[in-house]
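Asker: Got chain R; can you put chain H on it based on the hints?
So the protein sequences, as listed, match chains R and H.
The first sequence begins at 1 in full-length UniProt numbering and counts up by one.
The second sequence begins at 1 in full-length UniProt numbering and counts up by one.
Just so you know, these hints were derived from the structure itself, not from any lab.
If several chains are the same, the list does not tell them apart, and a pair holds so long as it fits within one copy or across any two.
Under the rule of at most 27 Å between Cα atoms (straight-line distance), these lysine-lysine pairs were calculated in the DSS-like manner:
1) K476 with K557
2) K65 with K351
3) K588 with K390
4) K580 with K397
5) K351 with K72
6) K580 with K72
7) K588 with K65
8) K581 with K72
These numbers were taken from a predicted model, which means no experiment stands behind them.
Number of protein chains: 2
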Amino acid sequence: MNKNYIVPNEWSIVEEVFDTKNVKASESLFSIGNGSMGQRANFEEDYSGETLQGSYIGGVYYPDKTRVGWWKNGYPEYFAKVLNAPNWIGIHIQINGTNLDLNLCEVANFRRELNMKEGWLSRSFKATLKTGEQILVKTKRLISIELNEVGAIEYSITAVNFSGEITFSPYIDAGIVNEDSNYNEYFWETLQIVEGENKGSILSKTLKTEFHVATAMNVSFTLNNLKLEVLQETNIEEKSLTYSYKIDVSQGDVATIYKYGSYVSSLNYKNNELIEASFQNVQTASELRFEDLLNLQKQSWATIWRTADIVIEGDIKAQQGIRFNIFQLNQTYMGTDARLNIGPKGFTGEKYGGSTYWDTEAYCIPFYMGTKDAQVAKNLLLYRYNQLDKAIENAQKLGFTNGAALYPMVTMNGEECHNEWEITFEEIHRNGAMIYGIYNYVNYTNDFEYIPKFGLEVMIGVARFWYQRANFSAVKNQYVILGVTGPNEYENNVNNNFYTNYLAKWCIEYAVESLQKVKNEYPEDYSRVFAKASLTETETKEWLQVANNMYFPFSEKHNVYLQQDDFLDKELIPAAELSKKERPINQKWSWDRILRSCYIKQADVLQGMFFFEDKFTKQELERHFDFYEPLTVHESSLSPCVHSILAASIDRMPKAYEQYVRTARLDLDDYNHEVDEGCHITSMAGTWMSIVQGFGGMRVSEDGKLVFNPQIPKQWKSYSFTINFRNQILKIKVNQAKTIFELEGTHELQIKVNNKTIIVTPNNLVTV
Amino acid sequence: MNKNYIVPNEWSIVEEVFDTKNVKASESLFSIGNGSMGQRANFEEDYSGETLQGSYIGGVYYPDKTRVGWWKNGYPEYFAKVLNAPNWIGIHIQINGTNLDLNLCEVANFRRELNMKEGWLSRSFKATLKTGEQILVKTKRLISIELNEVGAIEYSITAVNFSGEITFSPYIDAGIVNEDSNYNEYFWETLQIVEGENKGSILSKTLKTEFHVATAMNVSFTLNNLKLEVLQETNIEEKSLTYSYKIDVSQGDVATIYKYGSYVSSLNYKNNELIEASFQNVQTASELRFEDLLNLQKQSWATIWRTADIVIEGDIKAQQGIRFNIFQLNQTYMGTDARLNIGPKGFTGEKYGGSTYWDTEAYCIPFYMGTKDAQVAKNLLLYRYNQLDKAIENAQKLGFTNGAALYPMVTMNGEECHNEWEITFEEIHRNGAMIYGIYNYVNYTNDFEYIPKFGLEVMIGVARFWYQRANFSAVKNQYVILGVTGPNEYENNVNNNFYTNYLAKWCIEYAVESLQKVKNEYPEDYSRVFAKASLTETETKEWLQVANNMYFPFSEKHNVYLQQDDFLDKELIPAAELSKKERPINQKWSWDRILRSCYIKQADVLQGMFFFEDKFTKQELERHFDFYEPLTVHESSLSPCVHSILAASIDRMPKAYEQYVRTARLDLDDYNHEVDEGCHITSMAGTWMSIVQGFGGMRVSEDGKLVFNPQIPKQWKSYSFTINFRNQILKIKVNQAKTIFELEGTHELQIKVNNKTIIVTPNNLVTV
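So here's chain R without its partners, still in its complex pose (with noise of 0.2 Å):
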């Protein structure tokens, strides 16, 4: 069964009972971070049961040397890794010289709560030495999104039985090893341990990228709430440096240590101004005091909830669980930096090399610009349109030539990650992705300026890619894309993917439109692009060659598009006749079973028809969905969302809900028995788009209009969320009778809400 021992509150993550089988799985779920720095929530002092200890540095990646079973011409050498970084969390803890260690003492009254409204975790428990010694422990930690390169810890204990001597050893440790390693390596070399008085500072940096990181701390100290003076002992070993502090209690004495902690990296800083500068941050954090940097956090927060929140009436775990969701991604990504992206565990785990997935694109990209200014999902776009020259290096590996550019599967850097050669060489869809990220951004936007500038150059390197992969085929008199892997990675080399086709051919088009509207509107870029890009007006003509006579496998007898050639060939038993005891069948089945078997991993045709709504008629998604979804065993956490939504968009609640509840409390739940690893962070972003998107039916037309056709749940007694749309703050609320609208902002809106075109005027509630 899955875990189940979250608490479920509108507000907060809680767990109340401390169990050691839980404890990788809640270091996951009360992770902390600020889009720049985070953590998962690894205990400060000792604990010797079973944990996966992480601390990470947004951008700061290793390039782990792969490992393969067979090499093939084409892979990758390296595989960005995401770094564990050193830990500035660390405070040894003895009670008269016995280790405080929670998987050696009697826990009571343990309770952990990540407050999601005001963005800090704590923690408190009554513990019993095996001396006999009772304390009362409360922590409070935060990760500042105010001073994005500052952590901060208070840490208290009570002396309940016994009057005696309390050590505090506050430490940084810069030896700490990825758990996630192909052969084993440190990734780290520490170049230089600096000592002060209740303050340090470590020069780490990573071998290979030679990022260089400095770790400091800041600490002081009260007794019974008074500022307290300590004598400080040094410990320096070759990664580490330690301090302790004794101090003497009395039975009932409250003795409490604060914790300043910040990374600074080369990503930000010269070299040799790093240590100065990690100094400089802790003292800044000391000065302000935790209490005031808990205000900061209430605050940013509060900003953050403004535009993002959903409020769900009527269900206490799924209100719990988007708001989890909400919280997590923006804990992951704040857009303000555009060399950072959205890693599929964010800062809540290693595993998955690479921090960027086109997860991004297809499901991110609606989520920030839902939520927050255009400027953070341009941010996004502006990642790959800076990466573009790698995409072009990545193409040529493979064959291509001319400026073709292909999109790494996984990366951090724009170089490939990945090493299967049937992802890294044929789950080519990506590419699309690219293309849908800037056109959705565009519509949602109305910033048509981006492709001029930057999106242009991105859609002639994807346009080229496609024209050139594409062959014709003389026995189908069309152009086919052959050996793809589509979104449903439980078909591996198949030819004309549908999705895959499509996409294609849409790329095309939608480049050729927009040179031919940036030749008339941005002539000046027109000639830059051109120039750069060495294009002709032949070229593109070949390309529309392609595009115009692309090959679409479809059936006439379930008159439906076929996710590839040869699927009819299959045996077509609809998941839900599968026994339970062969599920999920990623881990039951060998790989040529799934492969060769009709189940689809997550959506595929669908996942087309739902980028593309507008271009299919309700009947032919009703079709598709009808043929596509039986067969669908929705074991990738991005395949509900999608799902939930075109059952939306087709009316069938039921089913979008049934399919919303797999991916609303998918880690808090821990549905697929993986969340001690991390979170699925970008399939939150799909859980989000589920509730707008699926049952708020939210839609940007073609023509730049808001679409709305919003349903309820049943089991709902209310929604309500907020969207960001082109600097004004719209806020929706559904009922089971009726749907308002509450525009924040200086001009009127008209909206299309089931068909109809209304009119809402700031500050005003609109009723449907």
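Answerer: Then chain H, alone, in the frame of chain R:
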């Protein structure tokens, strides 16, 4: 360019120049072995240049932990590695205290000879040491066929320009490693080192598999051909045993060491008897002395050549090439032990795990049937029969039931050793080769009894596999086999590979037909097997339902069977039009590009037509040859031989000869630039077939008659070969003008030559 330093010679492989760049290649080419043990031609004395040390014991392997990029369900945990064994040949040589090392001294008059007629390896050279001493070295080495656990070395040094001291330090080193290790582990543990007077032995065991091996040596000396007793100094280290012998020489003296070595293993002895058995072996060898061992060796090889030799007149390089192939095949496998098989590199290198591929059934069995007693081929079949249980387990791992058997792609002990899903799980045509091997054997030897006694069980397991692996395609209204890789590994995960479907259908039909015959002729065996396999009459009917309705992709336009369903979607551009710098494509192109290209690695549809030539008309063969051969890049060592044979059978002698040349001297001329890693043993059987079945046009028709359609390449004056056919020896000599048959045996033979039946009586020449 290819290496071209081997001196043409009818009976020997000869090298006359010492070049450090050729050392590793020569180590492979000059390898010696006796089917039970073998070794690369490493120098006895120290060598500090590039070398691949390798000495191997048949059947002794190590299960190396699998290394993969991404784990797939069904992958084997371990990979049986060919195992480098303790070194018994080593002799450190010192001249007046200076080490002899060909990498560090001046070498003149170097000559190395592998005498294939008599089965020994010799080396001679003049070395001038940095310290000025000149010596003349002559060595001879053999691995005895008669005493198949024994090797012997004669190593003579003439003091050319000095008087002084020569130190011989023969040793056994059990501290050896594999180059091909996934995790740089040691594979061996040293258990015991036993010293003695001029003899010693080390007992070691392999980790995990716990094979125990004793490696012994025995040494003696002569000075100017007179026996010499020399004082022995002993040095025992953790994993090695070294004796040192100092001999005072005057200028012109010849000092000689004889070193006899032996491997004995727990495959043949109890662990506690190994040391004693190894001593016994080297004692026997030393009593026989080197000369007698050499005489025995000449006799053994004379016996082998009597039934295996192929003589080519008018082309000395072709003569050398074919004898090299026949020689290496015999060194690799003698056929006396059903636990052994034919590794792809034999005893010439450690690359590729496992010892057994489908090469054995598809390529090697005809050679061993043609040149040895029927028992040898029978042992190869029994190897698979004995591994049927493992094949059933292997199929179970992939989801098959009811005794369905899938033989492994690569194996040592019956367990799968390969770990690429597209090969391990999908290159299932190998299962058909198991049955083809039986069919071929029974036709050739007329030993039908093999089927009721052994083969039938294998046939049932394989038929069950095909029955379960096919599925009914509603759209084709026939049975299809989805997701396979054919012999052409340049297509992966394709549907309805003609070759696979053809074999599947044939395997079922042959099984049912054999069942019927066994039922009639061997009722007791029938009952036994029927019960053991829990077979029912209904079940075989269900098999036939699949076989009788098997789908085969066919093109009306080209009038050929298609390699797979979607083959005609590819751009069909002859390989000849590829630019030279793109060849070989497996080194120049990324894997996806290869997969979606039309280029064929090795015979695929044509492999089926080669196996079942009788079942296709000559016109069909021509059409398929003309369609597929131009698209074939022959980048497998197994490709040219099949094409050569088919070309000959459709009277395309220039093409047949062109393809023959590519296979005959593949290693001697190092076409693939990899002979330094070892020789391509299994393809050598293909070379033999190219002459006997190709130019010689030999077949055994289904009614058990010998058929010949001999032709001769215009480059040759004549060629002759020998066939052991049902215990009679038939010699065939083909001239430009005529063919001469000579039979050694007891009863006349009816042979069909060029469609006319002739009668050959024992000891008479018949000329056609």
